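Student: One-letter residues, chain by chain:
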Amino acid sequence: MTAQEIKQVVIKQILEIAPEINEEDIDPDAHIQRSLEIDSFDFLRILTALNKTIGVEVPEADYGQVDTLTHMVDYFVKHL
Amino acid sequence: MSTFAMPSLGADMKSAVLMEWKVKEGDSVKKGDVIAEVETSKGVIEIEVFEDGIVEKILVQEETESAVGTPLAIISSSNESAVVEKPASPDMAVEEAESPSIPPQPISDKPIETQRVKSSPLARKKAKELGIELSTLAKDDKPVHLEQVESKKVSSTTEMSGMRQAIAKAMSRSNADIPHYYLSTPINMTSALHWLEEQNRNRTIEDRILPAALLIRAVVRTLQEVPQLNGFWMDDELHMSEDINPGIAIALRKEGLITPALLNAEHMDIDTTMRALSDLVTRTRSGKLRGSEITQQTITITNLGDLGVESVYGVIYPPQVALVGLGRIIDAPWADGDSLSVRKVMQATLAGDHRATDGRTGGQFLNKLDQILQTPEELL
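So the sequences go chain by chain: A and B.
Taking this note's numbering, I'd label the letters of the first sequence as residues 12 to 91.
Taking this note's numbering, I'd label the letters of the second sequence as residues 55 to 434.
Keep in mind the hints are simulated off the structure, nothing from the lab.
All figures in this text were calculated on a predicted structure; none of them were measured in a lab.
Don't take each hint at face value.
[To be verified] Stretch by stretch, here's where chain A covers chain B in the computed footprint (C-beta under 8 Å, at least three residues):
1. 261 to 267
2. 325 to 338
[To be verified] Capping the alpha-carbon separation at 25 Å, the derived lysine-lysine pairs in BS3-like fashion look like this:
3. B:K111 x B:K68
4. B:K342 x A:K23
5. B:K111 x B:K78
6. B:K85 x B:K223
7. B:K223 x B:K342
8. A:K23 x B:K308
For glycine and all other residues, C-beta sits at the position ideal for the given N, C-alpha and C.
Let the sequences and hints guide you as you build the complete structure.
Tutor: Right under this line is the structure:
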């Protein structure tokens, strides 16, 4: 999977969990949870779903590395 | 034989729309089975049957608005012969036993549009949220789907939503009737969070426990020790509840808040608490709650989690007698003996009904909660 494909998968998953968000409102460098008001339950659901599609499980200790869309894509690329 | 009637899902609810039958005539049902979905301002709620039996006759068609107490179906008990067909009286139908209390939950009493346009329940819900007239989307008598509504997103109306009105009413009544007292204490969460991290390190992502589940489990354990805060104020006296059904404040994405009950949380360990909570959050946000979950809360827990502020002084939902507020966990200076260090600290707050309990009981609760959170391994 290319970085671009991963980015699309992540965006799709965010929109699935939070359908009221418009894709253009996702700032790639903003804190995902704070900027989109995604609480810890929904954030965990997003990571669980991404683990299924991408096959990378993000340990809790690495949450700091997946805080923004850009960081999350970088993280998945690195751990694929 | 008895009639199954439109249940009251909140003190303000006058009627609801029966969206879908989950059973058909001749089906056998067991107590607790979901037999229909009704639509209220809280979204689509699954309603449950309260006895074993056979669905003898369905009296109300789908997409029909019915007042609370209206007979919806006739249920014959399993051992009755299935031929009797006399109209049942509507008053025997209301399931009084089911709700020890009817907390004033946000239910709209705005008239629901009478001319119904065919649509999926989700589409109808979304249209209501966005203030879109469904009839403007209907084409050639085809049912309206969610995507059509979403593509129609327009500037939101300034009119108060049904849910906002219902919250306004319930909270005004609470503040007028309940003499609240408030207590607050900081709790050092360092060891609890450390323990949780250790637990999660050995778990797969599906089995991970969030701090919210640990906290709710700790509150439930504490309530077993201080049961006076778990119950109702009715007929000028405190009725303690054996069941612990904490109403969990869950913010909806668009607007508003629902506090559905985590039913019988006293029987759950930390894993079942996490699973039940996760399921409850998901169903609340997708509009799939059960009638019992929005009527049987015995106390409310507001957990502001990682996005909230540091402390919350809540307003009690009558007839409940307490509300537990758990603030965001922050890094704060913490004095231990004569040394000062930075620790993970959470402000725990209790709002109590002073008619039911005194500050002493509330203080015992907060102290016990603190104590339990210092030995998290006992919460497994």
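Student: Hints first: check each against the structure and report whether it holds.
Tutor: Now for the hints, and whether the structure bears them out:
Using a Cβ-Cβ cut-off of 8 Å, 4 residues of the segment 261 to 267 of chain B lie near chain A, which meets the minimum of three, so the contact claim holds. With 4 residues carrying a beta carbon less than 8 Å from a beta carbon of chain A, the segment 325 to 338 of chain B meets the three-residue requirement, and the given coverage holds. The straight-line distance between the Cα atoms of K111 of chain B and K68 of chain B is roughly 24 Å, inside the 25 Å bound, and the hint therefore holds. Proposed proximity of K342 of chain B and K23 of chain A is supported: the alpha carbons are some 23 Å apart, at most 25 Å.
Straight-line distance between C-alpha atoms of K111 of chain B and K78 of chain B comes to about 8 Å, which keeps the hinted pair within the 25 Å bound. Proximity of K85 of chain B to K223 of chain B is assessed by CA-CA distance (about 33 Å); at most 25 Å being required, the pair is judged violated. Taking the CA atoms of K223 of chain B and K342 of chain B, the gap is near 24 Å; set against the 25 Å cutoff, the hint holds. For the hint pairing K23 of chain A with K308 of chain B, the CA-to-CA distance comes to about 19 Å; that is within 25 Å, so the pair holds.
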